[in-house]
Amino acid sequence: MSTPLLEAVGLVKHYGHIEALRGADFTVYPGEIVALLGDNGAGKSSLIKAICGVIQPDSGQIRFEGKQVNMSSPLVARKLGIETVFQDLALAPDLDPAGNIFLGQEILYGGILGKLGFLNKREMHRRTEEAFARLGVGIQDSKATVVNMSGGQRQGIAVARSMIWASKIILMDEPTAALGVVQSRRVSDLIRRVKAEGIAIVLVSHNLPFVFEIADRIEVMRLGKRVGRFQVSEASADEVLDVMTGLKVQNEQEALL
Amino acid sequence: MSIEPPVNSEQFERGSELQAQDQPVIQNNIPPDSGAVSRLNRLEKFWQMLGRIYRTQAILTTTLLLALMLIFTILFPTKFPTAFNLEHLIIDYSGIVILSAGLTFAMTSGEFDLSIGGVLVFTGVMSVKIMGLVGGNTWFTILVGFIVSLGVGGLVGVFNGWCIVKARIPSIIVTLGTSAVSLGLAYIVSGGRDLSEIPPLLSDTLGFGKLFDIVPYTVLAAVLVVTIGAITLNLTRFGRHCAAVGSNIEAARRAGINVNWVVIRIYIISGSVSGLAGYLSLARFSSTTLAGHAQDSLTALLGVVLGGTSLFGGSGTVLGTAIGVFIPGVLSNGLIMAGIIPYWQYVIVGLVLIVVVYADLLRRRNRGS
Ligand SMILES: Nc1ncnc2c1ncn2[C@@H]1O[C@H](COP(=O)(O)OP(=O)(O)O)[C@@H](O)[C@H]1O
Ligand SMILES: [Mg+2]
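Going down the list, the protein sequences come from chains A and B.
Mapped onto our numbering, the consecutive letters of the first sequence carry residue numbers 1 to 257.
Mapped onto our numbering, the consecutive letters of the second sequence carry residue numbers 1001 to 1369.
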């Protein structure tokens, strides 16, 4: 297999007495869909947050395209082309969809107005509506605040935001958890199209059939560590579940890579 | 990146009219009848519009203000609607308008600033003291006083902001504290009595002067602050970040916004406009008016909330605030005309504040569910 696009090595993260990550490793190869599986509390969200710079691990390394990077803030990850759909979506409910999609990277006017920090709201709305149409996000009133929108619509905004900005990796923390069947299928369509663009996707999900349908590879976490790696084409759901729950331990030779 | 249009367009949520014709939208239990769908869409758009108007409480507040003015015009046709009365009403409340414009930024970001009244008095005292040290009755003297007012206010703002973002003390406590500290320092520095050694040049120009003999400079200053404040909050990136911080601070952080710096800047703004208000108060009264601003923070707070800025942050309007402030203003003006003891205004302001906040809470709870 090709060289990894992103590699996390030995990440440790404490929250007070709780050790969320205990030397966690994780690998993403270019353009793949890799599912990150694990029981509740296994440390999946913490790992995702460490990779995108939202939390800083106490120790361990993150390498991107072979070089060690210090993900000291979310901006660092964003500059590298890494975007995240957080489990809680991280939307500002009082802003409209465009405000959320461009939050932190607002489009300003050119010239003196831009220097004074004036927002080019029209351009941001135009691009948002364009993206929604392209991605099939059904939001009729792009100037309404997010607060009155449904779970599915919010999910659509968060996913669209990541897709607009990402150039290398999208990290999705349970992107279909809040969605119905139809909307989940919509997300999997989107994921496939992003993959076709050559962008890698990290997918946290509890939905094994969904993972087996869409992912290329699976990495399993348990108690803050990586405990298993599988090629989807060569693994069975039972095997994966056994490793997830700790019934079976996968050794390095068995890991199909 | 560019993505091909979806082949099979199921929507995340409600489909657009066009797609609704292609296939039934099951989630909404709408029959696949395009007429019904488009009628429903129109109804929905109408509701969204109504909602937006409802949310811009400024309209509600303006109506309330006009209603109050109408009542007092009917009750006191010879006293209330006179140019003299209205001009003085506006001049009297210019200072509070300025204070509340700064407070609007803090509250939009989900924080409080109760120090503004105290800072107003403190900056005034410091300004007089330094102008006394500089001496003379020149433009230079009053320019120094101006810089001291804004500078001292800005410094208190830095301190407030620092305590809130670094020490993580709730802003309501921090600013209540600095309010007491600055008022106390004002009394200590002034020796407990009002200072009135204000350069006459200051009171003659800024205090009583009028632009083109029409617009008092005090009012002009308030109009400027409100205009710049409204533009900044609505149209600039900084204003957007204030709202984002108040709406979901974690989302703002994850979007890469330097949240702490946003908050500190807000308190610098709030502190220095309080300093400006202090300077204007000096100019107008030729005195430090130590005891005259006890209610200012509260009145400003009421104006901000009445104007449509949420108490919980996320959205704010400086223009709404400027209108909102005049509700307690007109009310106390009218009460005085009615011969009611003016102290009733405190009772009313306090009660109205509680009611308005309750309404804001109800609205939040409704939309939360
Ligand atoms: N901000 C936090 N403060 C304290 N404990 C946390 C925090 N975030 C996560 N944890 C703890 O760390 C562990 C791993 O959590 P998380 O990464 O969310 O796991 P997962 O996403 O796999 O369910 C859990 O025990 C959780 O309670
Ligand atoms: Mg999680």
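Think of the hints as simulated: they come from the structure by calculation, not from any bench.
Being a predicted model, the structure only gives us computed values, none of them experimental.
Incorrect hints may appear among the rest.
If you want the footprint, here are the derived chain A segments under chain B, 3+ residues with CB under 8 Å [as the list claims (entries may be wrong)]: (1) 5-18; (2) 99-108.
Chain B stretches covered by chain A per the calculated footprint, using a threshold of three residues with CB under 8 Å from any CB of chain A [stated by the list, open to error]: (3) 1117-1126; (4) 1252-1266.
Here a beta-carbon is modelled for each residue, glycine too, at the ideal position from N, C-alpha and C.
Verification of the hints:
Taking a C-beta to C-beta cut-off of 8 Å, the region 5-18 of chain A contributes 0 residues in contact with chain B, too few for the three needed, and the coverage statement is violated. Coverage of the region 99-108 of chain A by chain B holds [criterion: at least 3 residues with CB-CB distance below 8 Å; count 7]. Under a criterion of three residues with beta carbons nearer than 8 Å to beta carbons of chain A, the stated coverage of the region 1117-1126 of chain B fails, only 0 such residues being counted. With a cut-off of 8 Å between beta carbons, the region 1252-1266 of chain B has 6 residues touching chain A; three or more are needed, and the interface restraint holds.
In terms of the numbered hints stated before, the structure departs from hints 1, 3, listed from lowest to highest.
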